[in-house]
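Given chain A's structure and the hints, the job is docking chain B onto it.
Residue numbers (our numbering), protein chains in the order written: chain A, 1 to 229; chain B, 1001 to 1743.
Source of the hints: derived by calculation from the structure; they are not laboratory data.
Misleading hints may appear alongside valid ones.
Distance ranges between label pairs, derived from CB positions [claimed, not checked]:
(1) B:D1526 / A:D38: 53 to 59 Å
(2) B:V1243 / A:W33: 24 to 30 Å
(3) A:E28 / B:A1622: 33 to 39 Å
(4) A:D159 / B:R1489: 56 to 62 Å
With a cut-off of at most 25 Å between alpha-carbon atoms, the simulated DMTMM-like pairs for lysine to aspartate or glutamate come out as follows [what the hints assert, rightly or not]:
(5) A:K109 / B:D1138
(6) B:K1286 / B:E1377
(7) B:K1337 / A:D40
(8) B:K1418 / B:E1598
(9) A:K35 / B:E1258
(10) A:K35 / B:E1336
(11) A:K109 / B:D1414
(12) A:K109 / B:D1741
(13) B:K1418 / A:D114
(14) B:K1337 / A:D36
(15) A:K109 / B:E1730
(16) B:K1418 / A:E176
(17) A:K109 / A:E71
(18) B:K1418 / A:D144
(19) B:K1337 / A:E28
(20) A:K109 / B:E1170
(21) B:K1337 / A:E170
(22) B:K1214 / B:E1309
(23) B:K1337 / A:E71
(24) A:K35 / B:D1083
(25) B:K1286 / B:D1083
(26) A:K109 / B:E1733
(27) A:K35 / B:D1339
(28) B:K1418 / A:E71
(29) B:K1418 / A:D169
(30) B:K1058 / B:E1543
A short, non-exhaustive set of chain B residues, derived as facing chain A with CB atoms under 7 Å [unchecked claim]:
(31) G1163
(32) F1247
(33) K1250
(34) E1423
(35) H1427
(36) M1428
(37) V1434
Each residue gets a CB set at the ideal place from its N, CA and C atoms; glycine is no exception.
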Amino acid sequence: MKAAVIVFPGSNCDRDVQVALRQATGGEPLMVWHKDADFDPVDLIVLPGGFSYGDYLRCGAMAAHSPVMRELVARARRGVPLLGICNGFQMLTETGLLPGALLRNATLKFVCRDVLLRVETSQTLFTSRYEAGQVIRIPVAHGDGNYFTDGDTLSRLYDRDQIAFRYCDEFGEPSEAANPNGALHNIAGVTNESKTILGLMPHPERLADPALGGSDGALFFQGLVEALP
Amino acid sequence: MKAEPQTPEVTQEVAAEHGLSAEEYGRVVEILGRTPNLLELGIFSVMWSEHCSYKSSKKWLKTLPTEGPQVILGPGENAGVVDIGEGLAAVFKMESHNHPSFIEPYQGAATGVGGILRDVFTMGARPVANLNALRFGDPAHPKTRHLVAGVVAGIGDYGNCVGIPTVGGEVNFDPAYNGNILVNAMTVGIAPADRIFTSAAAGAGNPVVYVGSKTGRDGIHGATMASAEFSEDSEAKRPTVQVGDPFTEKLLIEACLELMATDAIIGIQDMGAAGLTCSSFEMASKGGAGVELDLERVPCREAGMTPYEMMLSESQERMLMVLKPDKQNLARAICEKWDLEFAVVGHLTETGRMVIKLDGEVVGDLPIDPLAEASPEYDRPWTAAEPLGELAPSEVAPPEDLGAALGRLLAAPDHCSKRWVWEQYDHMVMADTVRRPGGDAAVVRIHASNRGLAVAVDCTPRYCKADPRRGGAQAVAESWRNLTAVGARPLAITDNLNFGNPARPRIMGQFVGCIEGMGEACRALDYPVVSGNVSLYNETNGEAILPTPAIGGVGLIDDLDRIADPAFEADGEAIILIGETRGHLGASSYLRVIEGREEGAPPTVDLAAERRNGDFVRSLIAGGQVTACHDVADGGLAVALAEMALAGGRGARITGPEGGSEAGLPDSPPVHAWLFGEDQARYIVTCADGAALLDTAETAGIPATRIGTTGGTALILPEGDPISLDGLREAHETWLPAYMDGQ
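Extracted from the complex, chain A is given alone in its bound form (with noise of 0.2 Å):
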């Protein structure tokens, strides 16, 4: 699997997520600068975390208007997979590439801590090598991860199958007090209706490393490098 890392000037987990791609590919991802929308070919394209221009306005709201996300939109519309991680998926979001809007945590602080998911769909890409209903530990870091989508879009999310990751409990149970932000029905990922686009707050490429406290994160991007070989 060749992967590409679009580089924010902003962008903050760039290397981290280099390093995960790194030791599940065995191989360099491609790190794109964001002023450089002509890059070669590859299998899967990530937007990493980060505050991508600042953010000072909504997140990724500028990240969204830039020319290389016009070109990631266009290379997505052929079915290159698409991987947002927190400011990614905040993109993902401004560009309409995935439904819904990351508000600002209910909380209105910034949170850094360890979260539990549950995985809710095995069929996808991203989520290849867990089980559907597994619980999986994965840190989450930020102040605008608030999931929210209106009433229909939510409904179409559950008929498709769209819905990747929720909040949870140890036992799994996506309860109020394991919702770290407010998201709605305790959402934590969404992917598009192909499944080919995949937006989560959680930081899978911080916790896939034992030194670091946990390995759930690796089983991640190990699926990603199984899926797309």
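Just chain B now, kept in the frame of chain A:
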């Protein structure tokens, strides 16, 4: 010479408004051989401010040990540099942003983080960890909650955006900080040991280049503000607080590091306190050069800024560098890649003077060396603090219920869990945080290796007030102990010395005492000071803060597979106390929280025992002989044991002091003194084979006692009912979030 437009005539009165004494102003006139204009006066006033010149503290700072085989660069540069092997160096410093944070907590704290980050990456290091030491007033004071919320959000938003993990720190509350909080921020970076950048710039004709944010009217005279006492009208100074832009800081970090990978830079300096003035002066002065600035080339946020404003602005996220002339275009291209302002604002000369021009006309002309070298140095009178008597354990009544007392201590503002704080900081970005906040020291991995840095900040201000000398030594010793407790070899410290008005002999005495104590401890532990910052005049309406010499320590871990943390790891393990317990309750947390008394001398600091016990514990961790380790500090054994139990989610039965042969201890203290006494140089470790560990300790001549066994869901003390961990956790975790919710 062109005069500043509509400037008042400079008189001694105007000089006094700039914070210069009559004597200092006389020296200005003598150096110049004439009356300065307003711009020149402004420059003298900031260069000679306490904040920039260390005029009251220099004499004493010189007494601190700053050398050692590990030290690459000691104090005097933007940050200290120590060797961490394999061709790498750790670069670190701590700095205060106290006054701005009290006036405008969010921006004050945020720009404090920005400033300390710049000090570190200016030297060529990629920042890898942020820490902070925060002191707030009485929780019941009407401003405290607002200040905590603003400071924490400011630190978080800045560090989170630039993408440097905030991994540790401490938060204390005391009424002495009601009108003057302390916000001390520390950054640790890693650089190639042979690629350290400094500010010294030489070579006549070389371009002086400005990179970063535009200059605005913010922060003018911040350095002077930091050198005066506070009063009730300080709120009116709000416009002098700078506004942070962490996104631009992120661009600056990346652009500077990219530029530093080339050989374009001769000297580089961030524009911190006193902005363009301090940075250009420092570069020219250290390099023995002169400098000529053309102010019309300075990127400005608004039109019509005067030279005075441009030279003294403390707008954030700006760097000044002297480049090799033939590398100017390369540097420009890198800055343009990162969308940063790049402007050649002057050049070096051989005149030894700083000549400031606006549109070709000279608006200021000052000699560099006399200004830098003639900066005042005071030997301020001081009186030593009256030593307090030792408080015998028998003078402190036992509590009715040990468990209830422990619960109250764990819920006290100084001891409660600070999770509410550190969960607002991204402490995992960069994916190298091996030990997160909440333990003795945080551990960050040296990227792409199996080695790590341990980092911690420490100080016990009530000890420093009760006995400055002991308090200073204790702060250094505790820092050393915290690094040791995770298995690190302590390398060096940075200090942030926060005190009141040095013109008061009593305050100066606190300063001198703390420095003496720190110096003794640093020498005894081979733990030199490589950087630091002094913050004086921390007083409001004549009320001084507690003397607070915050110590930031950095240690090295050679093998990340051999580190320890406080969590009890398994049931049925031996709990062993290393070090001697006399039950010292003077100036203790127990006395303060449970009895409401602040009396007695703080614990003695036996530096030989500190070193011996610490070296022993470090060898146990390196040898894989312990399963958990925690240092014993504030709140004594009881608090340390509770923290270990909570971290591991398992309880323990504590049998008490009589359970083993405590070497060198005449009589066991009463149980409450044994549990809550704050004797120094102690650690608690756990292991499967307690007898073997006690043997090892005896052979090494280290006092060690088995005090209990892990297991269960409660902490069982030698007396009283079992204390459920759920109850302790509730006590420990609830106070701060509830307080911040307004309860």
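Verification of the hints:
1. At about 56 Å, the beta-carbon gap between B:D1526 and A:D38 stays in the expected band of 53 to 59 Å.
2. Judged by the Cβ atoms, the range 24 to 30 Å given for B:V1243 and A:W33 holds: they are separated by roughly 29 Å.
3. Hint check: A:E28 to B:A1622, Cβ distance near 35 Å, so the stated range 33 to 39 Å holds.
4. For the pair A:D159 and B:R1489, the supplied restraint of 56 to 62 Å holds, since their beta-carbon distance comes to about 59 Å.
5. Restraint check: the Cα-Cα separation between A:K109 and B:D1138 comes to about 23 Å, which is no more than 25 Å; the hinted pair holds.
6. Between B:K1286 and B:E1377, the direct Cα distance comes to roughly 19 Å. Compliance with the 25 Å bound is thereby established for this hinted pair.
7. Straight-line distance between C-alpha atoms of B:K1337 and A:D40 comes to about 21 Å, which keeps the hinted pair within the 25 Å bound.
8. Of the pairs offered as hints, the one joining B:K1418 and B:E1598 holds, with about 24 Å between alpha carbons and a cut-off of 25 Å not exceeded.
9. A C-alpha spacing of about 17 Å is found between A:K35 and B:E1258, which places the hinted pair at or below 25 Å, so the restraint holds.
10. Of the pairs offered as hints, the one joining A:K35 and B:E1336 holds, with about 12 Å between alpha carbons and a cut-off of 25 Å not exceeded.
11. Distance hint between A:K109 and B:D1414 is fulfilled; the C-alpha atoms sit about 22 Å from each other, no more than 25 Å.
12. Pair hint A:K109 plus B:D1741 holds up; C-alpha atoms about 12 Å apart against a cutoff of 25 Å.
13. Annotation: proposed proximity of B:K1418 to A:D114 holds, straight-line Cα distance about 16 Å (limit 25 Å).
14. Note on B:K1337 and A:D36: the hinted pairing holds, with a Cα-Cα distance of about 11 Å set against a maximum of 25 Å.
15. A C-alpha spacing of about 22 Å is found between A:K109 and B:E1730, which places the hinted pair at or below 25 Å, so the restraint holds.
16. Distance restraint check for B:K1418 and A:E176: the Cα-Cα separation of roughly 23 Å lies within the 25 Å cut-off, and the hinted pair is therefore satisfied.
17. Of the supplied pair hints, the one linking A:K109 and A:E71 is violated, its CA atoms being roughly 34 Å apart against a limit of 25 Å.
18. Taking the CA atoms of B:K1418 and A:D144, the gap is near 22 Å; set against the 25 Å cutoff, the hint holds.
19. A C-alpha spacing of about 23 Å is found between B:K1337 and A:E28, which places the hinted pair at or below 25 Å, so the restraint holds.
20. Taking the CA atoms of A:K109 and B:E1170, the gap is near 20 Å; set against the 25 Å cutoff, the hint holds.
21. Between B:K1337 and A:E170 the alpha-carbon distance is near 46 Å, which puts this suggested pair outside the 25 Å criterion.
22. Simply put, B:K1214 and B:E1309 have alpha-carbon atoms about 13 Å apart, close enough for the 25 Å limit, and the pair holds.
23. With a CA separation close to 20 Å, the supplied pair B:K1337 and A:E71 stays within the 25 Å bound.
24. Annotation: proposed proximity of A:K35 to B:D1083 is violated, straight-line Cα distance about 38 Å (limit 25 Å).
25. Taken as a hint, the B:K1286 and B:D1083 pair is honoured in the structure, with Cα atoms around 23 Å apart against an allowance of 25 Å.
26. Of the pairs offered as hints, the one joining A:K109 and B:E1733 holds, with about 18 Å between alpha carbons and a cut-off of 25 Å not exceeded.
27. For a cut-off of 25 Å, the pair hint linking A:K35 to B:D1339 stands: about 11 Å separates their Cα positions.
28. Annotation: proposed proximity of B:K1418 to A:E71 is violated, straight-line Cα distance about 45 Å (limit 25 Å).
29. For a cut-off of 25 Å, the pair hint linking B:K1418 to A:D169 stands: about 23 Å separates their Cα positions.
30. For the suggested pair B:K1058 and B:E1543, the alpha carbons sit about 24 Å apart, so the restraint of at most 25 Å is met.
31. A distance limit of 7 Å between C-beta atoms decides the matter here; for B:G1163 the minimum to chain A is near 2 Å, and the interface restraint holds.
32. Interface restraint check: B:F1247 against chain A, minimum CB-CB distance 3 Å, threshold 7 Å, status holds.
33. Taking 7 Å as the C-beta contact cut-off toward chain A, the hint placing B:K1250 at the interface holds, the least distance being around 5 Å.
34. Given hint, B:E1423 at the interface with chain A, holds; its Cβ is 5 Å from that chain's nearest Cβ, closer than 7 Å.
35. Below 7 Å, beta-carbon pairs count as interface contacts, and B:H1427 has one with chain A at about 6 Å; its hint therefore holds.
36. The beta carbon of B:M1428 comes within 5 Å of a beta carbon in chain A, closer than 7 Å, and the hint placing it at the interface holds.
37. At about 6 Å, the closest approach between the beta carbon of B:V1434 and any beta carbon in chain A falls short of 7 Å, and the interface hint on this residue holds.
Comparing the model with each numbered hint stated earlier shows that hints 17, 21, 24 and 28 do not hold.
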